[in-house]
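Engineer: Sequence:
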Amino acid sequence: MGYIYKIYSSILLRRLIMVKESKCCCTTNIKLKYRNKEDKEYRQLVCRLNRIEGQIRGIRKMLEDDRYCVDILTQVSAVQSALNAFSKELLGQHIKSCVVHDIQEGKTEVVDELVVLLQKMMK
Numbered sequence: 002m003g004y005i006y007k008i009y010s011s012i013l014l015r016r017l018i019m020v021k022e023s024k025c026c027c028t029t030n031i032k033l034k035y036r037n038k039e040d041k042e043y044r045q046l047v048c049r050l051n052r053i054e055g056q057i058r059g060i061r062k063m064l065e066d067d068r069y070c071v072d073i074l075t076q077v078s079a080v081q082s083a084l085n086a087f088s089k090e091l092l093g094q095h096i097k098s099c100v101v102h103d104i105q106e107g108k109t110e111v112v113d114e115l116v117v118l119l120q121k122m123m124k
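Everything in the sequence shown is counted per my numbering, starting at 2 for the first residue and increasing by one.
Warning: the hint list may mix true and false statements.
DMTMM-like cross-link-like pairs, simulated, lysine to aspartate or glutamate; straight-line CA separation at most 25 Å [claimed, not checked]:
(1) K89 - E114
(2) K89 - E42
(3) K124 - D67
(4) K124 - E114
(5) K41 - E54
(6) K121 - E54
(7) K124 - E106
(8) K97 - D40
(9) K97 - D72
(10) K121 - E110
(11) K108 - E90
(12) K41 - E90
Read the hints as simulated data drawn from the structure, not as lab findings. Quantities reported herein were computed from a predicted structural model and do not represent experimental measurements.
Could you put the whole structure together from the sequences, leaning on the hints where they help?
Structural biologist: Shown next as structure tokens:
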């Protein structure tokens, strides 16, 4: 019950922040950018992270239970794959919304920011 309340509270808080912020996808606020995600997108991303969090807790439990190293490493590999999938999804959303919006607004520095981000992700 507390889990559902926590998600509901965070959605309400996001909506309050979105009302105060402008309606564009990225809003600059003292060097910080906030992305106003659709509720469906937000819930899907949070759901993915919750699954990943559960997997990590499972790995810790496996380690505490002195499970076989190969089994633990298999789960670590699964978590890495899940994080990569999360990153790809978030990056795709960012490009389709924030980057496109900024380029349409004439803010071409977003391309340099994207290049730096891709270089970090490809390490």
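Engineer: If you draw a straight line from the CA of K97 to the CA of D72, is it 25 Å or shorter?
Structural biologist: 38 Å, violated
Engineer: Could you grab the alpha-carbon distance between K124 and E106 and see if it respects the 25 Å cut-off?
Structural biologist: Violated, because 31 Å separates the two Cα atoms, which is more than 25 Å.
Engineer: Given the hint that K124 pairs with E114, does the C-alpha gap stay at or below 25 Å?
Structural biologist: 16 Å, holds
Engineer: Would the hint linking K97 and D40 be met if the CA-CA limit is 25 Å?
Structural biologist: OK: K97 and D40 at ~16 Å, within 25 Å.
Engineer: Are K121 and E110 close enough, with their CA atoms no more than 25 Å apart?
Structural biologist: Measuring from Cα to Cα gives roughly 17 Å; hence the hint holds.
Engineer: Hey, K89 versus E42, does the alpha-carbon distance stay inside 25 Å?
Structural biologist: 13 Å, holds
Engineer: Does the alpha-carbon distance linking K121 and E54 stay inside the 25 Å limit?
Structural biologist: Given pair K121, E54 holds - Cα atoms ~23 Å apart, limit 25 Å.
Engineer: Between K89 and E114, is the straight-line Cα distance small enough, at 25 Å or below?
Structural biologist: 16 Å, holds
Engineer: Are the Cα positions of K108 and E90 separated by 25 Å at most?
Structural biologist: Holds, at roughly 23 Å.
Engineer: Are K41 and E90 close enough, with their CA atoms no more than 25 Å apart?
Structural biologist: Cα-Cα ~13 Å, so holds.
Engineer: Keeping to a limit of 25 Å between CA atoms, is the pair of K41 and E54 held or broken?
Structural biologist: Answer holds: K41 to E54 is near 20 Å, not above 25 Å.
Engineer: Under the criterion that the straight-line Cα-Cα distance not exceed 25 Å, is the pair K124, D67 satisfied?
Structural biologist: Since the Cα atoms of K124 and D67 sit roughly 32 Å apart, the hinted pair is violated (cutoff 25 Å).
The structure is inconsistent with the numbered hints 3, 7 and 9, although it conforms to all the rest.
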